[in-house]
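Take the sequences, apply the hints, and build the full model.
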Amino acid sequence: MKSILFFELKKIFSIKKTAICAGLVLLILCVTFFGRAIANNLFANLPHIKEQLTYASGEVTSERFAEDEKRFGEIINNPDNTLDSDFESDNRIYEGIFDGGATHQDVRDMLESILYIKAINDMPHKMIATLYRELAEPTISPEQTLLIQKNIDMLAQKGNLVIAYNLFYDYYNNFLINIFPYIIGFLIIFFIAPVFAGEYSAKMDSLILSSKKGKQGVIAAKLTASMLAVTIIYVFVMGFYILLCGAVLGFSGGESSFLTMYSDLYQYMGSPYNLTMLQFLLTTLGISYAACIGFSIFTLCVSANSSNNLVVFAICLMVFHVPLLMIAFADAGFPPIINIVYGRVAQVASLLDRFNGFVILGNVVMLKEIAFVCLIITSVFFGFGAWRSFKRRQVVN
Amino acid sequence: MELFIDRLTKQYGKKLAVDCFSLKLGKGVYGLLGPNGSGKTTLMRMMADVLRPTSGEITLDGVDIRKLDEAYRDILGYLPQDFGYYRDFTATDYLMYLSAIKGLEKSRAKQRTAELLTLVGLENEAKNKVKSFSGGMRQRLGIAQALLNDPEILILDEPTAGLDPKERIRFRNLISDISGERIVLLSTHIVSDVEYVANQIILMRKGEMIMQGTVDQIAALTNGKVWTAVLNPKEAEIVKTKHVIANLRHIDGGVELRIVSDEKPHEKATPTTPSVEDSYLYYFNEVNTL
Ligand SMILES: Nc1ncnc2c1ncn2[C@@H]1O[C@H](COP(=O)(O)OP(=O)(O)O)[C@@H](O)[C@H]1O
Ligand SMILES: [Mg+2]
Numbered sequence: 001m002k003s004i005l006f007f008e009l010k011k012i013f014s015i016k017k018t019a020i021c022a023g024l025v026l027l028i029l030c031v032t033f034f035g036r037a038i039a040n041n042l043f044a045n046l047p048h049i050k051e052q053l054t055y056a057s058g059e060v061t062s063e064r065f066a067e068d069e070k071r072f073g074e075i076i077n078n079p080d081n082t083l084d085s086d087f088e089s090d091n092r093i094y095e096g097i098f099d100g101g102a103t104h105q106d107v108r109d110m111l112e113s114i115l116y117i118k119a120i121n122d123m124p125h126k127m128i129a130t131l132y133r134e135l136a137e138p139t140i141s142p143e144q145t146l147l148i149q150k151n152i153d154m155l156a157q158k159g160n161l162v163i164a165y166n167l168f169y170d171y172y173n174n175f176l177i178n179i180f181p182y183i184i185g186f187l188i189i190f191f192i193a194p195v196f197a198g199e200y201s202a203k204m205d206s207l208i209l210s211s212k213k214g215k216q217g218v219i220a221a222k223l224t225a226s227m228l229a230v231t232i233i234y235v236f237v238m239g240f241y242i243l244l245c246g247a248v249l250g251f252s253g254g255e256s257s258f259l260t261m262y263s264d265l266y267q268y269m270g271s272p273y274n275l276t277m278l279q280f281l282l283t284t285l286g287i288s289y290a291a292c293i294g295f296s297i298f299t300l301c302v303s304a305n306s307s308n309n310l311v312v313f314a315i316c317l318m319v320f321h322v323p324l325l326m327i328a329f330a331d332a333g334f335p336p337i338i339n340i341v342y343g344r345v346a347q348v349a350s351l352l353d354r355f356n357g358f359v360i361l362g363n364v365v366m367l368k369e370i371a372f373v374c375l376i377i378t379s380v381f382f383g384f385g386a387w388r389s390f391k392r393r394q395v396v397n
Numbered sequence: 001m002e003l004f005i006d007r008l009t010k011q012y013g014k015k016l017a018v019d020c021f022s023l024k025l026g027k028g029v030y031g032l033l034g035p036n037g038s039g040k041t042t043l044m045r046m047m048a049d050v051l052r053p054t055s056g057e058i059t060l061d062g063v064d065i066r067k068l069d070e071a072y073r074d075i076l077g078y079l080p081q082d083f084g085y086y087r088d089f090t091a092t093d094y095l096m097y098l099s100a101i102k103g104l105e106k107s108r109a110k111q112r113t114a115e116l117l118t119l120v121g122l123e124n125e126a127k128n129k130v131k132s133f134s135g136g137m138r139q140r141l142g143i144a145q146a147l148l149n150d151p152e153i154l155i156l157d158e159p160t161a162g163l164d165p166k167e168r169i170r171f172r173n174l175i176s177d178i179s180g181e182r183i184v185l186l187s188t189h190i191v192s193d194v195e196y197v198a199n200q201i202i203l204m205r206k207g208e209m210i211m212q213g214t215v216d217q218i219a220a221l222t223n224g225k226v227w228t229a230v231l232n233p234k235e236a237e238i239v240k241t242k243h244v245i246a247n248l249r250h251i252d253g254g255v256e257l258r259i260v261s262d263e264k265p266h267e268k269a270t271p272t273t274p275s276v277e278d279s280y281l282y283y284f285n286e287v288n289t290l
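Protein chains in written order, with our numbering: chain Z, 1 to 397; chain U, 1 to 290.
Pairs of lysine-lysine, DSBU-like flavour, derived with a Cα cap of 30 angstroms:
1) U/K106 <-> Z/K391
2) U/K110 <-> Z/K213
3) U/K67 <-> Z/K203
4) Z/K391 <-> U/K131
Hint data in this document are derived by calculation from the structure and do not stem from the laboratory.
Here you go:
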């Protein structure tokens, strides 16, 4: 078994193909990171952002702002002066700031950040209030009641946000949503699609299937090798990006709330979950890894049923990338259940960013739990399908 | 050890590729002889457990080979007619991989790989990629892989395809050397491949077995039906249109013909000793394409 596994890995990671792919991926990751950093003028702004978030956390009083601080304190601490939960800018506040003679652009930015974060802090209360109003509606169904109740319970557990400099997590999150699924989906297809289909097209199937272990040991080795390969690819892509981010931005901020992503406040502001950044990182890594494993098993199943690598490529691309692109270009009008397709689960965001519950047999089940169960069921199903298809393969041409 | 093919049938749509084929195989070398499309490959695929029969079964000492599963494939060596390789693999990688999936221990795999590369004359190519090999070299590598697990049942589908005359002779000798305690079945549409090594010859046509016997028995089928004659070109033309010609040679004073025919084809013809090839021609009425 061990030596078969070695050869199966050798076939998956054939040297030329792997070297070209690894080079390309590293290039894309660097371009992604530095592209975004340069577009946001990150390197010039980094000290400023750090200062801003540290200030917002209340840890440090910046001497540079001391003069304005008192005046802003009045604005910030005035309960009337909060931005709406939908973040429409409140001109009154801005006018107050400018009329008050705010001198620095960065001071204005800072104030805006703090107001936003305050608004997010207030959101659970506002949302709970709205939900109680909905609950009071006479037309509400028992199922809706259950869902709203659950939503209220979750929101009520959220405490005050911990704020800190956490740009590393912000970059990670942005990568996870916008770049990672496309890359990893493609790599999984590229490396895993030929696992079975390649044997057919290389006419190795008659040799394998007539060998002692060809109908059992080889299949087990192929499935194991594929899981290992996907793990290696996942760790390579994610690991490189995380290290790159960490090296430039530092890893700090793990204790802050995941709702306070500096540049992506909108993404999770309505989330009922209560995670620190570090928990968010580990959770999302776990979920997206599970999606990758699930998708690779699907790919194996398609691969075992076709002798044409291109057909396998096309089918798998359709299943993984098309829903992602559809939603990216038309982010409306899809039922929430679309978020359990492989690509969306690999992206994770849509499973955590809002309350997505369903009543099943009288219990409230969250979308991420449904996604998880579906992932397990389909993996067993497709894994078995791949196994059976290869074992029963008829050599006819 | 007895391999029994019992009324084996394989149907593709309406086409019967193998039609109720029955055969008992004990130890020895069997030559499966038949023209292209006669169902040799289909039969051998079913014997190699890579194709399900439409009906009928193959048993080894009374047990269906598909029930025996690993135990059967453990003692099987199979050279498919058309097989592939991996672009990145050297000859050694290739044989080591196939050893692994045949369940050989690593040390044994190494030893067998080296032995067999030498046996098929590829010892100097061990570290070269299979993709750089010629057709004949690949075929020899294929023969080597079939022997890795020292199989008791050896099924070779057109093993001499792509081999040059010297390699063919080497292959024949190899088969004679290893034949001892095994069942060896090799298919071909070239009579001379099996004439000298096979204990038994099986003639196959349109999916059916039409004859089985020793080389002498098969040859004897055309006793009194093979003739030679030296004719002038004009006479030769007439004979050629009416009879099966086994051989034709231009010599001084005319054309020397070897004719397979039930009756005397020409008054100048004299009977001669038949060979397997004559019988093959007699039954398939087809000129051998070498
Ligand atoms: N996959 C297939 N589909 C349909 N017909 C097939 C298939 N494979 C083989 N045949 C037919 O079965 C017959 C026997 O083919 P084959 O076993 O390859 O003969 P041989 O090896 O003696 O040349 C041929 O007529 C061929 O056309
Ligand atoms: Mg054939």
